Amino acid sequence: MRTIKSLSLRPISTGFTLRNRLSEQIQEITQCDPQKKPTVDPITVEHHSRLSNKWWNVNGELRALHALNSLRVQFVRDGLANVGFKVECPYLPLKGIKILDVGCGGGILSEPLARIGADVTGIDASSELITAAKEHAALDPSLDGKLNYIETVIEDFAPDNKETFNAILASEVIEHVNDKELFLKYCISTVKPGGSIFLTTINKTLSSWLGGIIAAENVLKLIPKGTHDWNKFITPAEMQSLLETCIPSWLQNKINSWNVLQSFKERVVLDNFNSDKLRASRGKEKTFNPFIN
Amino acid sequence: MKQYQVFLLHIYVYKCFIPNGSILVTRDYSISAKNHENYDIIITGGGMVGTTLACALANNRKLECKKILLLESGKQFEYKFEEKYSNRVVALNQQTRTLLSSIGAWQHIKATRYCTVQKMQVWDACSDAMIVFNEDYLTKEIAYIVENDLLLHAVNKQLIDKENVNVIYNSKVENIKLPKTLEENAEIQLQDGTKYKAKLLIGADGVNSLVRQTMGTQYVKWDYNQMAIVATLKLSEPTENIVAWQRFLPAGPIALLPLTNCLSSLVWSLPTTEAKRLLKVSEEEFVDSINNALWKVYPKDGIVESGMRALQQLLEGLSLQTGVVKQLQPSVSAIIERSRAAFPLQFGHSVSYIQTGTVLVGDAAHRVHPLAGQGVNLGFGDVTVLVQLLAEAVINGASLGDMTYLRKYETLRQRYNVPIMFTIDALHRLYKGTAAPVVLARSLGLQLTNAIPVIKKALIEHASGQIGNR
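Just so you know, the sequences run in chain order A and B.
For what it's worth, the UniProt record's numbering labels the leading residue of the first sequence as 1, then goes sequentially.
For what it's worth, the UniProt record's numbering labels the leading residue of the second sequence as 1, then goes sequentially.
Honestly, the hints are just simulated from the structure, not real lab data.
Note that the structure is predicted; figures quoted are calculated from it, not measured.
Idealized CB from N, CA, C, for every residue including glycine.
Hints may be right or wrong, so weigh each one.
Quick list of in silico lysine-lysine cross-link-like pairs, DSS-like style, CA-CA up to 25 Å [claimed, not checked]:
#  : chain 1 : residue 1 : chain 2 : residue 2
1  : B       : Lys172    : B       : Lys326
2  : A       : Lys134    : B       : Lys457
3  : B       : Lys180    : A       : Lys95
4  : A       : Lys54     : B       : Lys326
5  : B       : Lys195    : B       : Lys162
6  : B       : Lys140    : B       : Lys326
7  : A       : Lys221    : B       : Lys180
8  : B       : Lys67     : B       : Lys195
9  : A       : Lys221    : A       : Lys95
10 : B       : Lys67     : B       : Lys140
Label pairs and their calculated CB-CB ranges [to be verified]:
#  : chain 1 : residue 1 : chain 2 : residue 2 : range
11 : A       : Ala138    : B       : Asn166    : 25 to 31 Å
12 : A       : Pro141    : B       : Gln76     : 28 to 34 Å
13 : A       : Ser142    : B       : Glu392    : 54 to 60 Å
14 : A       : Asp144    : B       : Ala111    : 44 to 50 Å
15 : A       : Glu135    : B       : Gln346    : 44 to 50 Å
16 : A       : Arg63     : B       : Asn208    : 53 to 59 Å
Throw the hints in and build the complete structure from the sequences for me.
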């Protein structure tokens, strides 16, 4: 809670301050304990790792994530279509798209995206989950060569993969992240100019506390206890201000968000803030941005 | 790491030049075709519904990459056009016609023969109640009468061109193993020992569906102790034959469906013993029985008569339609030689249509009394919805056996099928009796329905499959 407050109270940063803060932080990381990653919450990673053998049970603890899939895939397809991506092959609607799935877990969302033609790179901090994801992907020969799982964290991955992906995806991840601002900055740095960023997360409302934590974790036991920490949830307004600090010309970018009530969860889905405007903004800040140079 | 990335990119570029990802498909078979032949979808049962489903799946652009196997236990169907009409006909609704048009089969039917029903008259033998659908010919056609054989032939003709569909005739299924999880395949073994595997098994194998039995789902059924006699009839005098006639008799409904200006098709539901007797009697006697069933005046109960008169006055007072002019039903002069046949009537409904990687369509899932001519249309409705949802599964990157989509199919279809099935069953029960209160109630109901345009329109729309699919 405190983190978010301080984040949202920050003034909208310019390209310059962005550069300064980021380089400071990066220096900090390298100078401090190399094992300690600012975006990763070790407790969450451990919690999810314990579920690695249950990840693909569609009726198990993670059924809510499975149930969200049709919505999430459609979200990505529609989002890309909205920025002018043309589907050439009707059964491979994402053919030719390079996607980075940050916090892919066992690959619940990476697999369907790869199955419809995308070249998906999934990264996760948990080695157990990456192993589970790889094992499961091997069961479907049609995924061969379309999926690449890497055990890493975004702060390690991003510097080597600048402007690599057409789209990046952090689905149901940001609510588990410690330093959200840094996380987003690293994520954005891997996107090609004009690319898309898809974020889906649980809203920070009374009903998400009652439904998503009290009911789903404690009463109905739909999801394992300790999956979510309400204090780390983020509201659309907080998300917007966070994005404003990450992308200087954010205010000009259009944000589409909608709330969907599903499986006792109130979610906020933030669409594509991208295309020409992002490209333009990227162009302007180019000389200042440590990620681009 | 960086080099690895470059390598990946290289593969990616390479694949772009291979159309339709065919390299992946070939790989799929070479890896796991050790002793099973692999498919994406297996359909058991190559009847009208199963064959249409195979064709509709292959025809959908989102599913065109899927390899489909159609297993038919009978021998390959050879259609020979005969002047003589087949005694097995179906009444297709608008939605079924749309489906057949979309797979290109309707053009073959159109080029051969079919008959359009533009008006339908249903009346009660025990009272003056009746209902006429589309008496003003304002809406489009109500139904299309097509011979079963011709329909199957038309669909088969379209299926031949589909490269991704393999049809195996004379294939007797010995054993079925259904998947328990999404990662498993459905496995099917034929009596000759060949085995096939697929992500999705579709049971279109009719009333005694082996797929349904393997699923172990609960199946609600009852026997009507009735048989339906079918035959091709010659009318006494040629007319503009565009009306479907149905008269509710105490023993069961008799229906005449138009074929040509001088031919009609008979569907007559009767108690089993009576039906068996009528199958044996001479053709002359049979024709007499039909005319009797169409024309015989039954004694009318005084209570019913007065009740109907009261309703008539009420409707007149409300200036609602009080009953259109009753058109006189045709008489029959003869039956086409050896066109008599009968089949038992049952009600059956599978409580569940689906299971992971398994789904039932058509008669395998539901069977109804033919009195409303809806049975096959419900099956074709299943096809339309299932194809849509499987296409949705594909573009969402889900496995074909994913319960998310199958469950949607089940919900949509049961929500549509069950009310129709129970309405038909209820109609059957309602019209079985001759007790005055029952006759009065149904007569008032029928007359009221006839008089209130909104209800009538809703009925027609539901029967033609226009609503209820989404």
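#### Entry: Enumerated hints in conflict with the structure, sorted upward
1, 2, 3, 4, 9, 10, 13, 16
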